[in-house]
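Trainee: Residues per chain are reported as follows:
2 protein chains.
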Amino acid sequence: MQSPPAEIGASVEEIDTPALIIDLDAFERNLAKMMTIAREANVAVRPHAKTHKCPEIARRQIALGAAGQCVQKVGEAEALCEAGIADILVSNEIVGDAKLRRLARLAERATIGLCFDAPEQVDAASRVAREHGIEFGALVEIEVGMERCGIPAGAPARDLARRITDAPNLRFEGLQAYHGRAQHLPTVEERRQAIDGAVEAVRTTLQALSAAGLPCARVTGAGTGTFRLEAASGVYNELQVGSYIFMDTDYARIAGEDGAPYREFEHSLFVLSTVMSLPTADRGIMDAGLKSFSAEKGLPWMRDAAGLEVVGVSDEHAKLRVGPAAPELRLGAKLMMIPGHCDPTVNLHDWYVGVRRGYVEALWPITARGASR
Amino acid sequence: MQSPPAEIGASVEEIDTPALIIDLDAFERNLAKMMTIAREANVAVRPHAKTHKCPEIARRQIALGAAGQCVQKVGEAEALCEAGIADILVSNEIVGDAKLRRLARLAERATIGLCFDAPEQVDAASRVAREHGIEFGALVEIEVGMERCGIPAGAPARDLARRITDAPNLRFEGLQAYHGRAQHLPTVEERRQAIDGAVEAVRTTLQALSAAGLPCARVTGAGTGTFRLEAASGVYNELQVGSYIFMDTDYARIAGEDGAPYREFEHSLFVLSTVMSLPTADRGIMDAGLKSFSAEKGLPWMRDAAGLEVVGVSDEHAKLRVGPAAPELRLGAKLMMIPGHCDPTVNLHDWYVGVRRGYVEALWPITARGASR
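Sequence lines, in order, name chains A and B. Residue numbers are given in my numbering: position 61 of the first sequence equals residue 71, and the series is strictly consecutive. Residue numbers are given in my numbering: position 94 of the second sequence equals residue 104, and the series is strictly consecutive.
By construction, these hints were calculated from the structure, which means they are not laboratory data. Treat the hints with care, as some may be off.
Note that the list lumps identical chains together, so a pair holds whenever it fits in one copy or between two copies.
Derived SDA-like pairs: lysine to any residue, alpha-carbon spacing no greater than 25 angstroms straight-line [said to hold, decoys possible]: (1) Lys344 - Ala128; (2) Lys307 - Leu195; (3) Lys344 - Ala108; (4) Lys307 - Thr259; (5) Lys43 - Asn247; (6) Lys344 - Ala316; (7) Lys344 - Ala134; (8) Lys344 - Asp314; (9) Lys307 - Gly322; (10) Lys344 - Glu157; (11) Lys344 - Pro129; (12) Lys307 - Gly190; (13) Lys344 - Arg137; (14) Lys344 - Asp107; (15) Lys307 - Glu276; (16) Lys307 - Arg331; (17) Lys344 - Gly106; (18) Lys344 - Glu130; (19) Lys344 - Glu371; (20) Lys307 - Gly368; (21) Lys344 - Arg111; (22) Lys344 - Asp292; (23) Lys43 - Leu195; (24) Lys307 - Glu157; (25) Lys344 - Asp268.
Here the structure is a predicted model, which means the values were calculated and not measured.
Input sequences plus hints: build the corresponding full structure.
Mentor: Okay, structure coming up:
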């Protein structure tokens, strides 16, 4: 783990680069706004720690009323549990006894749920839970249009729910119905159609469960691009939103309700980078590249820098085109870059540097960075 | 830092996933082959630690005759220095007194060089070196066609070399002449043209230096895609190759001398991943995604798995198309994936798991993972 890139109280100019920055004012407004929307819609929020990987942020979300946390990986659950987070849903299938045993140890001190889309997984989790004398919460993940994991809606999902109900040391809780691919569809209409399909899959499954006498307490899913749709659906009662705390250019490129760019939340996550070379009048080289931000969803944008555009990235560098409207760049200047994709960008860094009014107010370790197992 | 995904002596089947694997036999053949080629061409090899970020690998390269190590970042130099590596070139410009002071502390116990493309950088490094009573080796980085950092060849480079020669506590050593963009040009002919241009830029600068009475002991550059060209150029005397130890699909897609795919080195780096869901007969879901390999240069390939193709990746998952020729997949099967781009993939992991004949022989910490400052 690297040392922090600044000390508390330092000015932004004093932060060593590249550094992962949170604009704390914008971040706090994002956190509060999501809770307000969810309360008005009468749905729970279980924010996704795959985005932030940080117990400090989990605590803040829970203090504002979040139901607990989602994770994708056992290692993320371990990091949160270690920090005292008491209710964790692994919104993912877990295969292999080594991983199940690690989860079982966590279930000795926290409420742990996980997802299933195959009977073998159910049998293995039940066996390990029994061996450890603990109980897992269990959700059936249904296919809702993402074409990733998930068992078909309706009868197959009902049969898996029954298998869970019949399995010792598993507690059937409901449905995982996340449509990841829908989050970044360009228009609201496309996202609405996708989520309409997901809602239909959920309804079909709820009817099958009801007919079989299997009570379904939770339907959980949604992300930052579609959560208003799931919240209004009447079937989802828990939102697994993650990126809303930070935003990124991938979300900023989709359209919002009015057709204008989606601006439900503010950019609060940045990579601070230094101008390290100015070889020509129209080219500046920054000291942050693919090891400081993820670029598979597009190049980062510059914040507050009219006339500056990132036109290329390599492992340790980003290349800026310096346009006629740009302010004069000087060697050593520090500039904020908006990452293309927040989750994998966070996973590159060991520390968040929380900034308010130009000064470092917080240093939060990204405890679950690299916790991919 | 995460714990290792396996213990020494474990079988590949027992390695927890995702895990970053080195096939030690292939890796050792790659290391030896590069040294043989360089010896025959009478050029030095200074392998790039930006690729591996691992003192254990640096030691093995030096034991085979490498001149030392290249790094891009001060943090990488610190990790190597701490492990006793005695000769380190920062093949990059370093801006800011905080970073220069860290380098100066390293120069108290190791030979430290760095690159310059602007007079302000020279003045700052000289001042900091003087304050610390140490000396930095100093190279002028010239623009050779990459259009990233670098001062123009010829007179401007000569003037900067003179400024270095005149600056206290800097020791002018030669030219940094790396053409990164050339490495992945699709055909040998395109790469040859690019490196011909780089060689021309070096020659022009050598003539200017010679006419000014400035001796130039080193011309350093080259990468895994073009090193034979620089080695044969008659002007380069040091190769900064990095990826040759591992290979990746980005290098495997370019053409070699005979027009066939480039196979100068063997794939020795893999991400081991588990089949975690089998929702349909033609779809398998792996437990490794963008947090376990970098995908901005293309999707990973499957090793030894005819009929299996990665057709999509998300943050924690990869989606396989299971073709008719594929062996029957079972839930829990562990498969080797070949990353698209080795450097940023390594930077996601805390451990190399070195495997030989199906068993774990070595666990090497990736000490400089995340050392981007």
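Trainee: Could you figure out if Lys344 and Ala316 sit no more than 25 angstroms apart (CA to CA) within one copy, between two copies, both or neither?
Mentor: within (15 angstroms within a copy, 49 angstroms between copies)
Trainee: Tell me, please, which holds for Lys344 and Arg111 at an alpha-carbon limit of 25 angstroms: within, between, both or neither?
Mentor: between (46 angstroms within a copy, 19 angstroms between copies)
Trainee: Are the CA atoms of Lys43 and Leu195 at most 25 angstroms apart within a copy, between copies, both, or neither?
Mentor: Within one copy, since 22 angstroms is at most 25 angstroms while 48 angstroms is not.
Trainee: Can you tell me if Lys344 and Glu130 fall within 25 angstroms by alpha carbon in one copy, between copies, both or neither?
Mentor: between (53 angstroms within a copy, 16 angstroms between copies)
Trainee: Tell me, please, which holds for Lys344 and Asp314 at an alpha-carbon limit of 25 angstroms: within, between, both or neither?
Mentor: So Lys344 and Asp314 pass the 25 angstroms test inside one copy only (12 angstroms; across, 46 angstroms).
Trainee: Which holds for Lys307 with Gly368 at a C-alpha limit of 25 angstroms: within a copy, between copies, both or neither?
Mentor: neither (29 angstroms within a copy, 36 angstroms between copies)
Trainee: How would you label the pair Lys344, Asp107 (within, between, both, or neither) given a Cα cut-off of 25 angstroms?
Mentor: Close across copies (14 angstroms), not inside one copy (48 angstroms); limit 25 angstroms.
Trainee: Checking an output row: Lys344 and Glu157, CA cutoff 25 angstroms. Within, between, both or neither?
Mentor: For Lys344 and Glu157, only the inter-copy Cα distance (21 angstroms) is at most 25 angstroms; the intra-copy one is 42 angstroms.
Trainee: Between copies, within a copy, both or neither: which fits Lys344 and Ala108 at Cα up to 25 angstroms?
Mentor: So Lys344 and Ala108 pass the 25 angstroms test across copies only (14 angstroms; inside, 45 angstroms).
Trainee: When no copy is specified for Lys344 and Pro129, does a C-alpha distance of 25 angstroms or less occur within a copy, between copies, both, or neither?
Mentor: between (53 angstroms within a copy, 19 angstroms between copies)
Trainee: Since the copies are identical, ignore which copy is meant and state whether Lys307 and Gly322 lie within 25 angstroms (CA to CA) inside a copy, between copies, both or neither.
Mentor: both (13 angstroms within a copy, 13 angstroms between copies)
Trainee: Quick one: Lys307 to Thr259, C-alpha cut-off 25 angstroms, is that within a copy, between copies, both, or neither?
Mentor: The answer is both: 8 angstroms in one copy and 19 angstroms across copies each meet 25 angstroms.
Against the hints set out earlier in the document, violations occur for numbers 20, 25.
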